[in-house]
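Novice: These protein sequence lines map, in sequence, to chains A and B.
Read in order, the letters of the first sequence are residues 1 to 133 in the numbering used here.
Read in order, the letters of the second sequence are residues 1 to 99 in the numbering used here.
Derived from the structure by calculation, the hints contain no laboratory data.
Mixed in with the good hints there might be a few duds.
Said to hold, decoys possible - Each computed DSS-like pair below joins lysine-lysine, with the alpha-carbon atoms no more than 30 Å apart:
1) A:125 / A:57
2) B:6 / A:125
3) A:125 / B:61
4) B:61 / A:57
5) A:57 / B:15
6) B:61 / B:15
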Amino acid sequence: MKIGIATSIAAALFILVATLVLRELVHAGMLDGSVGTRAVMMANGVIVALCGNLIPKTLAAPRASLAAERRMQAALRSAGLAMTLAGALYALLWLAAPEAIAQPVSLGALGLAFLYTVHRILRCKWGRADQTA
Amino acid sequence: MNGVFKALADPTRRKVLELLRQGPMTAGELSDRFPVSRPTMSAHFNILREAGLIAAHRDGKSIVYRLQLSVLEDALLSFGQLFGIGGTAPATPREGSSA
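Whenever a hint applies, use it, and build me the whole structure from the sequences.
Specialist: Take a look at the structure:
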């Protein structure tokens, strides 16, 4: 299953419109400033989690060898799990944690998940043996 | 999502997904691991493919199946296996099979 361009554009437009609406609500005094920020950050976390959830489904063309195919699938599963968990943690932190904690911890979690994903992709590309993952 | 739940409700299909976690396998290799006929296994493969849980491609004369689970579907599979929803899969290979 692949995410189509139309779906991606629709998601981006939704984020932009939601951000604009929240900003206007804050300007109109109907919302506290931090509520708007939290809502946008939570939406970002949910989108990261949703995209991470679909990463293992985006299989490329079949690899020539079984070992390479296993490595690719293991890398996609690990990357998907890392990004899903990071996105969920990001959203939960912005939902419940104080802003002083939510900001550094959520960004740290997302950064770690991103670095782990890059690490898995590079390891898969360079063909390092990893049958257990 | 209904198709996913239907596919994961059957222990044989869950066992197929478990086997595919180890890597891609041909339809024959998978069928040899179960004491059911090939047409029955073919029906199971079709249900899994329609639910988008596995991907198939032709390699010569064989059809090779690959796992295509999202993180959530993977978690649902683990949950189903953990609690043995729908019973357990028949594990005895067919007579004469090498697996």
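Novice: Now tell me if each hint is right for this structure.
Specialist: Here's how the hints hold up against the structure:
1. Distance check on the hinted pair: residue 125 of chain A and residue 57 of chain A sit about 18 Å apart at the alpha-carbon level, within 30 Å; holds.
2. Between residue 6 of chain B and residue 125 of chain A, the direct Cα distance comes to roughly 35 Å. Violation of the 30 Å bound is thereby established for this hinted pair.
3. The hinted pair formed by residue 125 of chain A and residue 61 of chain B meets the criterion: a straight-line CA distance of about 29 Å does not exceed 30 Å.
4. Between the alpha carbons of residue 61 of chain B and residue 57 of chain A the distance comes to roughly 25 Å, so the proposed pair stays at or under 30 Å and holds.
5. A C-alpha spacing of about 19 Å is found between residue 57 of chain A and residue 15 of chain B, which places the hinted pair at or below 30 Å, so the restraint holds.
6. Only pairs whose Cα atoms come within 30 Å are accepted, and residue 61 of chain B paired with residue 15 of chain B is accepted, the gap being roughly 24 Å.
Consistency with the previously given hints fails for number 2 only.
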